[in-house]
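J.: One-letter residues, chain by chain:
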Amino acid sequence: MRIIKDTHIDFMRHRRLGALLSAFVILTGVISLVVNGGPKLSIDFKGGTLVSVQFTEPMDVTAVRLSLGKVNIDGQLFDLSREEIKHFGGPAAISVRVPHLENAPQNFAQKIVDHLYDNFPGKVPENKTDFILGKGSVGPKIGAELSGKAVMAIISALGLILLYISIRFEFRFALGAIAALGHDVLVTLGIFSLFGYEISLPIIAAFLTIVGYSLNDTIVIFDRIRENVKASKRETYKKIINRSINESLSRTIITSLTTFFVVFVLFLFGGEVIHNFALAMIIGVIVGTYSSIYIASPIIVQLHENAAK
Amino acid sequence: MKSKLTPRLLIIGLVLAWAVWAIWPSIQYQGLSDAEKESLREEGKLERVESRVIKQGLDLKGGMYIVLEVDLPTLMENLAINKDEKFNRTIGSIRDQLVRTPEADFFSLFTTASSDNNLKLSRYYYDYGSDNGDILSALVEEGEDAINRVLEILQNRVDQFGVAEPTIQKQGSQRIIVELAGVQDSNRARSLLESTALLEFFIVKDVNTTNEIMIKIDQVLKGDESIASVTESIPEEKQTEPSESDDQTVSVSELFGETQETSTPSDSAVVDQNMYAERPFSSMLRNLGQSIGVPEKNTYAVRKILERPEVEEKLAAIGGTFLFSHKAEEYPLVDGTVEKMYSLYLLEDEAELTGGVVEEARANLGPQGSTSAGQPIVNLTMNSDGARKWSIVTGSNVGRQVAIVLDKKVHMAPNIREKISGGGTLIEGFADINEAKDIAIVLRAGALPAPVDIIEERIVGPSLGADSVRRGTQSVLIGLAFVLVFMLIYYRISGSIADFALIWNIVLVLAVLASLQATLTLPGIAGLILTVGMSIDANVIIFERIREELRKGKTPKAAVDGGYDRALTTIIDANVTTLIAALVLWQFGTGPIKGFATVLFWGILISMFTAIFVTRTIFNSFTSRKGITKLSI
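If you're matching them up, the sequences are chains A and B in order. FYI, my numbering numbers position 187 of the first sequence as 187, with every residue one higher than the one before it. Add 1000 to a position in the second sequence, counting from 1, and you land on the number used in my numbering.
Accuracy of the hints is not assured; some may be wrong.
[Claimed, not checked] With a Cα cut of at most 30 Å, we get these calculated DSSO-like pairs of lysine-lysine:
1) K149/A x K1408/B
2) K1340/B x K230/A
3) K239/A x K1222/B
4) K149/A x K1037/B
5) K111/A x K1557/B
6) K238/A x K149/A
7) K111/A x K1437/B
8) K1170/B x K46/A
9) K70/A x K1061/B
10) K1314/B x K128/A
11) K1086/B x K1304/B
12) K1327/B x K111/A
13) K1083/B x K1314/B
14) K1437/B x K1037/B
15) K70/A x K1340/B
16) K5/A x K1552/B
17) K1170/B x K1408/B
18) K1061/B x K46/A
19) K1061/B x K40/A
20) K123/A x K1327/B
21) K111/A x K1408/B
22) K1061/B x K111/A
23) K128/A x K1557/B
Because the hints were derived from the structure by calculation, they are not lab data. Computed from a predicted model, the values in this text were never measured in an experiment.
Please take these sequences and the hints and turn them into a complete structure.
T.: As structure tokens, this is what we get:
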């Protein structure tokens, strides 16, 4: 069986269109990021408290919101009704996210759980431990450290990859690959911001995996280009690159499809905890495949043309 | 040709045999029922099996993850002697700085602050050296020593608490990470870890002194607008929770010995407004005879008042300190309703005796015939030094109240009836026997050299964990099934070779995880799924190359050789870059991320092995046969 026969698509002819499309998507994302004041960071990075609880029957978020308007902890009143309160996985589960509060009492997460448990009698499991799906609180110190570490991780990964590609290929290729990676991360970040999804620790892992996947895809095409450049020195760079993309197209499509399917299954059936992780991966697979052809390759063509002039 | 293949087949065979051996306990363990596990435990074999099983992370089996940090400012305060106003101010300013910039290092702040304030450290720490530099480096060591002792004490407590496979480790120089799998009652575990276990015995000040200081506090606060902000939330209470008892008229009784005021209908549920203007502090309190009652809803306001500097000044002047009881109790009111109240005690500010003297602590139920009959209690036995001091303290204070204080909370304040000389005493005032047991544990394990703060806490309920496992496994199986079928359709017999390699790939990754004693987390399962994708990619690259070679008219053998040779560099370059990403993730990662990175790293390495080595050997064993003219690809 063969899906992709020998193709002769002139990918590079549409490279300006590709650049335009990418610019548009990235710009939309960046505008959204600016409007929202940066990416929406989870408690992993900002510090704060997150509780998720399981009721015995479907709950109305507004009712929960109302009940959290006055949380009385030993006479200290908290209005949590404006915090992020939403369904978690199903209609009977609710998650509440509260940013770090300077005056928060000890064991704040448990106090919120207790408040919800006491406020909805008859709608909660008999045993309180069955009520708690999960809870967590992160101090601002941990959050600040993690943010620093995450930035360091991404910078050092990019640096090492740049170095590796420069050694194995050419510096030009490395620039193309890094541009493609930056593109992928920006697009995913922008889409996350547009839809209001938060960036948590697992999402950073997803981002780095996207980086890995996108690179994998880019390198496979680069490898073809390297091989074809050696074989035919007479052809123009543009033609060689077009031919290389066409020759590796069937592999690109099959791998992308299988990987896409696998992460899509994860997205559908993986459960609430992994949901956003899988979403980032789905976006990453699509964008990563696209960027190898329309970001990384055109940059090499452009850099080569500039050098030839 | 056959002879060339033999060593390769041998290697493959050995690796596969090892993988089966490594993964077998995990499969066996999955099939065990609880009863079978129990019988294995009795035979002492369970531990051996468990040590070879892939561990599930807290996000999969439920449990708690806690990061504790030693409170260095308090440790330094505890170590200092001759503390004065200047010293306290310096430490206080460092505390404020740490709140504002949590990532700052305590000791560098301490160094700057002491030189800025011209603080001579030798005054407070003369045991540690003479100049500030020496003292500071000695204090740094003291801090490190403290964390090691904290670690040891926590280990001791957790061991006695009885959780399966607890993990307690030090992270950096100030933190301890505790992982307790399958803990149901996270509150109990939390207080067990957080408790400083500082046991102190204080003499309670007499009623007259208490009354006087309360009047003084009232006078200090009278007319102060700012305390209205602390208490203003209280009247609101009435509108929000109309069903609760406290919105009914509650009389505010006069304190200590004075005549009880009859209930006056008032605007506020808790505070008598008429009295409030005159006596802002007393009006929030109730008379409970032996102690002062603080209605639960007033606790925050009362705490805030007691923290005010002018109030602290008044307290310091008489050498007293206010402490709350450790839990609120229900008291009947004159109008027949019940109110939950904390007790507040005015104590001498120096402890008569501290918990260092405790030799043994046991939880029990109170003996028949005593006041605590049937109640959970903790029996204390003191060492000889403690017993001697205790008999002096009790002997010279007969008739007065002694407060037994644990972690700055009063557990009980009985009257001393006679001199106690045996060194034994008992503490009551626990909610249930479990709490008494936990307190006995922390008292036995000893007090922490410094308080610890919980700076990160994550708890996954068992149901969410089980749900994650089920869904994760389901996703892996569905994804895997799709990929296997797709490869079979698309590449036919060659596809089946790739499928074979893929399955082995997964088995090998799990085998490596089992033998590394790594923990499988939810992101780890995601990593496994990604590995499936990566492993298939390597095969796709190879097969597409072989197809190309075949289209050029090469023989199957030449096509396979050519395809593999050309695909090799591509696969290595593509995988090494992903490997770099995985390594960086591993370096950066904590907990779940690390799990993901571990799986990804091994997944990539193994997929290179299976794609390049295993499948090639299989292909070669086909193509080396004479007379093969067609390749099913």
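J.: Indicate, hint by hint, whether the structure satisfies it.
T.: Each hint tested on the structure:
| no. | hint | verdict |
| --- | --- | --- |
| 1 | K149/A x K1408/B | violated, 37 Å |
| 2 | K1340/B x K230/A | violated, 85 Å |
| 3 | K239/A x K1222/B | violated, 88 Å |
| 4 | K149/A x K1037/B | violated, 42 Å |
| 5 | K111/A x K1557/B | violated, 70 Å |
| 6 | K238/A x K149/A | violated, 40 Å |
| 7 | K111/A x K1437/B | holds, 23 Å |
| 8 | K1170/B x K46/A | holds, 23 Å |
| 9 | K70/A x K1061/B | violated, 34 Å |
| 10 | K1314/B x K128/A | violated, 44 Å |
| 11 | K1086/B x K1304/B | holds, 24 Å |
| 12 | K1327/B x K111/A | holds, 15 Å |
| 13 | K1083/B x K1314/B | holds, 19 Å |
| 14 | K1437/B x K1037/B | holds, 27 Å |
| 15 | K70/A x K1340/B | holds, 19 Å |
| 16 | K5/A x K1552/B | holds, 14 Å |
| 17 | K1170/B x K1408/B | holds, 27 Å |
| 18 | K1061/B x K46/A | holds, 27 Å |
| 19 | K1061/B x K40/A | holds, 29 Å |
| 20 | K123/A x K1327/B | holds, 28 Å |
| 21 | K111/A x K1408/B | holds, 21 Å |
| 22 | K1061/B x K111/A | holds, 24 Å |
| 23 | K128/A x K1557/B | violated, 66 Å |
Going down the numbered hints, you'll see the structure goes against 1, 2, 3, 4, 5, 6, 9, 10 and 23, while the others check out.
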